[in-house]
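**Student:** For this one, chain A is given, so just place chain B on it according to the hints.
Number of protein chains: 2
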Amino acid sequence: MDKIKTPTLIVNSSICRNNIKIMAEKCRKSNVEFRPHFKTHQSLEVGKWFKDEGVNKIAVSSLEMAHFFADDGWKDIMVAFPINIREIESLNKLTEKSNVSILLAGNEPLPILTKKMKKEMGFFIKIDVGTKRCGFEPDSIVKIEETLELAKMNKKLKFMGFVTHAGNLYNVKSVESIPDKYKKTVKKLQELKKYFDRTYSDLIISWGDTPSCSVLDNFYDIDEARPGNFVYYDLMQLKSGVCNKESIAAVVAAPIVAKYVDRYEIVVYGGAVHLSKEYVNFEGQPAWGMVVFLSNNGWKFPDKQMYVRNIYQEHGIIKLEYDDFFSVEVGDIIGIIPVHACLTASHLKNNYYYI
Amino acid sequence: MDKIKTPTLIVNSSICRNNIKIMAEKCRKSNVEFRPHFKTHQSLEVGKWFKDEGVNKIAVSSLEMAHFFADDGWKDIMVAFPINIREIESLNKLTEKSNVSILLAGNEPLPILTKKMKKEMGFFIKIDVGTKRCGFEPDSIVKIEETLELAKMNKKLKFMGFVTHAGNLYNVKSVESIPDKYKKTVKKLQELKKYFDRTYSDLIISWGDTPSCSVLDNFYDIDEARPGNFVYYDLMQLKSGVCNKESIAAVVAAPIVAKYVDRYEIVVYGGAVHLSKEYVNFEGQPAWGMVVFLSNNGWKFPDKQMYVRNIYQEHGIIKLEYDDFFSVEVGDIIGIIPVHACLTASHLKNNYYYI
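As given, the protein sequences belong to chains A and B, one line each in that order.
Residue 1 is where the first sequence starts when you use the numbering used here, and the numbers rise one by one after that.
Residue 356 is where the second sequence starts when you use the numbering used here, and the numbers rise one by one after that.
Everything labelled a hint here was simulated from the structure, so no lab data went into it.
Keep in mind that the hints are not guaranteed to be accurate.
[To be verified] Derived DEER-like restraints, expressed as beta-carbon distance ranges:
#1 B:Lys403 x A:Gly54: 48 to 54 Å
#2 A:Phe326 x B:Ser368: 49 to 55 Å
#3 A:Glu45 x B:Asn373: 46 to 52 Å
#4 B:Phe656 x A:Asp303: 51 to 57 Å
#5 B:Asp572 x A:Lys97: 55 to 61 Å
#6 B:Tyr619 x A:Asp303: 49 to 55 Å
#7 A:Glu329 x B:Lys704: 29 to 35 Å
#8 B:Ser682 x A:Asp139: 26 to 32 Å
#9 B:Gly653 x A:Met1: 45 to 51 Å
#10 B:Arg383 x A:Ile4: 40 to 46 Å
Note that this is a predicted model, so its numbers are computed, not measured.
Where a beta carbon is used, it is the ideal one built from N, C-alpha and C, also for glycine.
Chain A with its partners taken away, still in its complex shape:
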């Protein structure tokens, strides 16, 4: 760890590979295609660990990420964000390298897409299952039919099926409620698939969220799973009970730059531009991360939980317990479990360290 000079994302390869393996096996057992979301790690190295598990389809959330992975040889990429027609040139370049599928969250982009796209690509209809983020409502059959009719005029566009992100499963009161919510939500997608299967063949339901994919033992009634966060998990998932401490695969290593004995607080180099400003509440106060102690082969959880209690652009303020305060020195590095691993990994994608 002597090599670490600035805030760095430490990835524990054995934990991470194990998270990947568990999810890949669950997909195989459920007879479901595994299309992991690579926005969580944005790492070619982690990508290789997926390849080792037989994965050859991925999802990403931007065309920039799509090119990054396409250039590394990934040949089946879903750009899991509503198609941004201003990037049509970049999309055309991508289709020269890989099989690409895009998302329609409305029919507005179709005319210009049809006019400017060059090679064949697949498209999914994005279904909004209740988060009101984006997509078609599950019962808006007419709108979906209109969109499909419009798309039919373009022979290069192939309708693949329905895609959803069950964002509502991220803030459940208890993980026990997830299987029931999953079942109810999947039913809506099943009905859509059944309805449109009369006209289109081989439609699939592509489902993506870490909570349900982690909690369920079997992915019944879907065809493809697209979880992303499970690769590292994070404080948000730990708090909600979706993962346990042993599954956390990435922590931020932050150099300690100051200590204040009067308040048992340390200041670390590790702020909002590294961890992000995402927080969760613990003991009634916001926390921008949770402390672990680093060693050369990993990290361990302290007896009592301690948190990043304030955050600025570059500074993090950590409140320590008495004994822990005196066990660390300025110049040491301390580990921080990020609240939302996807954001933290995005900020630190050029500062990775694999152990």
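**Tutor:** Positioned in the frame of chain A, the structure of chain B alone reads:
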């Protein structure tokens, strides 16, 4: 604006140059050195506009930024973050390019600094004026004296004075209270300077925060001003009354990727990895940005304020008024005033567009 494909920070050069000019003139009038904090913009172009106003000293918040500007010819750089001794090699390289001053927020780094530093550098004692972020308490004379004695053993280290960041001025209830708070806080620094002036010569008080530097007409009793945010201002400063709409110099251009008429909401490509997750409350609800309408030579504020009401990794959800909803199309770009320009500019530093 046709060139804009992905979330981009649009900088209005005339507004930005005017913000710089006003602050530079205020410093000249007050006979105070102007050492702007470049962490807000991280742009060589904006740096040139400061040079045009006669600025030759800057502050940055990381060694990476320091090298970035040193390589562009900046010769007097304060690294305004507690010295991180793990980066001593990078610091030594920096002193080969520029005059460097560092911050001591405690005495712990001194032994290793003394052992490993190569060229002369200045140092400031960081004073904590109440935010409990980092630095010495203003009344901790003994601790400061001990630190200075320790530093004296290193002939390459020159004591420059006291530096503070009045973070408590960022959340005042009304800007009218700022001058009085400024006065009280500066008095503490004046007392320190007076006390240590007996032993050291040419000590300065370096003061940095946008609220006081914007609101005050004259910077009495300080020697150097280090504001940063004023170069662009942002929604936080607008809300608190520190700036007005006409002073906002940077907005995020975000492509519209979906529209939902049932809720008058649009989805934009512009999320937490572009704007950051920093928010302020408006009308009792969090806002991750405020809407402006872009034109080729700038932007205008709508009659009624509208906000980014939800944010994800790449998506922003904006609630529009009826007429405004129907005036925009999927594929258009919309402007968003960021909540905290420093974070947004840090995320988008490679996606700038100057008008």
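**Student:** Give a verdict on every hint.
**Tutor:** Structure-based check of all given hints:
1. B:Lys403 x A:Gly54: 48 to 54 Å: Check passed, 53 Å falls within 48 to 54 Å.
2. A:Phe326 x B:Ser368: 49 to 55 Å: holds (52 Å)
3. A:Glu45 x B:Asn373: 46 to 52 Å: Because 47 Å falls inside the window, the suggested range holds.
4. B:Phe656 x A:Asp303: 51 to 57 Å: Hint holds: Cβ distance 53 Å, inside 51 to 57 Å.
5. B:Asp572 x A:Lys97: 55 to 61 Å: holds (59 Å)
6. B:Tyr619 x A:Asp303: 49 to 55 Å: Given range 49 to 55 Å: holds, Cβ gap about 51 Å.
7. A:Glu329 x B:Lys704: 29 to 35 Å: Distance hint for A:Glu329, B:Lys704 holds at roughly 33 Å.
8. B:Ser682 x A:Asp139: 26 to 32 Å: Since B:Ser682 and A:Asp139 have Cβ atoms about 29 Å apart, the given range 26 to 32 Å holds.
9. B:Gly653 x A:Met1: 45 to 51 Å: The hint (45 to 51 Å, Cβ to Cβ) holds, given that B:Gly653 and A:Met1 are roughly 49 Å apart.
10. B:Arg383 x A:Ile4: 40 to 46 Å: holds (43 Å)
Violated hints for the displayed structure: none, as all numbered hints are satisfied.
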